[in-house]
Amino acid sequence: MTAHVGIVLISHSRALAEGAAELARQMGVGEVEVRAAGGAEDGGLGTSLDLLETAVSEADQGAGVVVIADLGSSVLTTRTLLEDREEGGTEVVLADAPFVEGAVAAASAAAGGADVAAVTRAASEAWDFRKT
Amino acid sequence: MTAHVGIVLISHSRALAEGAAELARQMGVGEVEVRAAGGAEDGGLGTSLDLLETAVSEADQGAGVVVIADLGSSVLTTRTLLEDREEGGTEVVLADAPFVEGAVAAASAAAGGADVAAVTRAASEAWDFRKT
Amino acid sequence: MDTYAWMVRFAELVSADAERLTRLDSAIGDGDHGSNLDRGMRAAAEALSADLPPGKVLMTAGRTLVSKTGGASGPLYGTALRRAGKALGDASEVGAAELGAALRAALEGVQELGKAEEGDKTMVDALAPAVTAYEAAAGEGLATAARAALDAAEKGAEATVPLQARKGRASYLGPRSVGHQDPGAASTVLLFRALAETAASS
Amino acid sequence: MDTYAWMVRFAELVSADAERLTRLDSAIGDGDHGSNLDRGMRAAAEALSADLPPGKVLMTAGRTLVSKTGGASGPLYGTALRRAGKALGDASEVGAAELGAALRAALEGVQELGKAEEGDKTMVDALAPAVTAYEAAAGEGLATAARAALDAAEKGAEATVPLQARKGRASYLGPRSVGHQDPGAASTVLLFRALAETAASS
Ligand SMILES: Nc1ncnc2c1ncn2[C@@H]1O[C@H](COP(=O)(O)OP(=O)(O)O)[C@@H](O)[C@H]1O
Ligand SMILES: Nc1ncnc2c1ncn2[C@@H]1O[C@H](COP(=O)(O)OP(=O)(O)O)[C@@H](O)[C@H]1O
Ligand SMILES: [Mg+2]
Ligand SMILES: [Mg+2]
Ligand SMILES: [Mg+2]
Ligand SMILES: [Mg+2]
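Residue numbers (the numbering used here), protein chains in the order written: chain D, 1 to 132; chain Z, 1001 to 1132; chain Y, 2001 to 2202; chain L, 3001 to 3202.
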């Protein structure tokens, strides 16, 4: 049994990141690590590079990590993390995806054994979901 | 000063709905009612028509309510509510929108005095956001 | 047709099979269909009483399901039963023809709400053939028609196994949804088993 | 150029103007820019010491800003300062030309990260003209170039008022973002005011 791709959800709000992770885990049947990096370090609204770094390393099971971000500063924080990473570590990718829908799609794909590229693609395809 | 359109966020997870509401309220500068209908009645994962009904009536300030739903059963629960509503009450509309991005866009639009149609449109346009 | 007995029996069958339904939902969903429907139908059975008119029984059960189920199956079964109840109207007796019209209304309600077609791997794949089979056999009486509906529902549910889900939560799995029976189709079989048993014993 | 004094002065100016920055952000954002940047620059000033090499000072301030700011301005200013610090390298003395190259690198970093162009109503609208003005005046020495940069930053920030935001949180407001100064552009003015004051007194 090989490792699954991990998922990290970075949001301005701790509750939002944790709620989305809770939902995504439902689809992952427990084998996928879905980690939340929500809120500022003090728990208020904001984004934290340190929380993101911790979440990424916890989500990493050796098969890479896909990060999904909610709004502007979550995206910028993630890009900053990616720029800082040493070459040669596990693959970490920022997916272009709607936050909740992308998280659920990514966790589903990861649970099915998809690699980083396929999980990222599944997350992005969530832009095509429709609700009416 | 006329009433603002209210926003209701229905999700499987209470934390998710409340976190998204918290984020959306940041853009609404306090004048927009953003209500969360998250989780099943017992607080676990699920959706509740009763919680949705309460949230809609609390969000309603007389200018109508736009509902944004996360996944399948939230959408179905909302459609059921809409079908049951009496003609002639305030306008309640289900937006086709990504949950978090749509919530923030809808709250921004509502804070600017947009009507139900314009708030719904703003929420839907969030499908066009890109994050990379 | 005693719709009260039908609903009570449906609640019993769901309760007895809740674990199996949940297991099916674990494979291609979030593993709660059995407990969802059990919660909903328990509440529905409690909300019912034998002296309600047949249509009112279904409307009440439907409304309770919508409120108490907590998953997609709540609004779906809830709408089905409410539409069926509405179709029965105030009638105090329900014959084979009236029940056929009610079942057709139930199917239409589910499809209007959930937008699923046959082949999308949902409860519609059991419900649609069951309604059609019922209608075809309605001339032979309620018990026969209900039995035909049950057979068709069973075949329909079986036939969801090789399908790829295109609606509901299982659609997130894409091709990985193939090879498993749809839980909502499986619970629809129980709805028709309850109907067949009730019709046979009346 | 004493980059340590520059950063400490920037922290002071941000602290003094935090309320104004936050008020600007309340109009077209979430009302936290002043407190974000104040938090970040306080932490940065604490993390610094006067005996670090000039490039290292900016790198350390940038890293701290990224970690501690809590809003979009954290990664943006953080990247700006880190890129500037990297451009200065290990040099123990920083002249007008070196600082010009560092400021250019800062601007490039901000644009790479945030993808904003001039006219999008962001800090880039103050930073880009400031860097250009600095470069144009660099031959006349650090103090003159820094003063030119400050003037250009002020004009650039003023000029964001009639613009509609196309990047960052304010872009959610669409046309309603018109008529307000961008908070990030306003804080960029403080960065150049701190630079001009430091350059003038050295
Ligand atoms: N759009 C839909 N149309 C028809 N049936 C659907 C639809 N979405 C879901 N279903 C049915 O609902 C079942 C799942 O019910 P349940 O597990 O209770 O809800 P949830 O997916 O919210 O957890 C599926 O197996 C499927 O038969
Ligand atoms: N993509 C971007 N490119 C350049 N500057 C940006 C971008 N996004 C935001 N900004 C700047 O950041 C400022 C807001 O900072 P701040 O309020 O601290 O962050 P947040 O918007 O996360 O609350 C804006 O006024 C703008 O100048
Ligand atoms: Mg389920
Ligand atoms: Mg469920
Ligand atoms: Mg802000
Ligand atoms: Mg903020």
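Any given hint might turn out to be false.
To be verified - Residues of chain D clear of chain Y, computed beta-carbon distances all greater than 10 Å: (1) Met27; (2) Asp60; (3) Thr90.
As the list claims (entries may be wrong) - Here's a subset of chain L near chain D, in silico, CB distances under 10 Å, partners left out: (4) Leu3107; (5) Gln3111; (6) Glu3112.
Simulated from the structure, these hints should not be mistaken for laboratory data.
Note that beta-carbon positions come from the ideal geometry of N, C-alpha and C, so glycine has one too.
Status of each hint after checking the structure:
1. Met27: Met27(D) not clear of chain Y: closest Cβ-Cβ about 6 Å, inside 10 Å.
2. Asp60: About 23 Å separates Asp60(D) from the closest Cβ of chain Y, which puts it past 10 Å; holds.
3. Thr90: Per Cβ check, Thr90(D) is outside 10 Å of chain Y; nearest 24 Å; holds.
4. Leu3107: Interface hint status for Leu3107(L): violated (16 Å vs cutoff 10 Å).
5. Gln3111: Not OK, violated: Gln3111(L) not within 10 Å of chain D, min 12 Å.
6. Glu3112: Because about 9 Å separates Glu3112(L) from the closest Cβ in chain D, which is inside the 10 Å limit, the hint holds.
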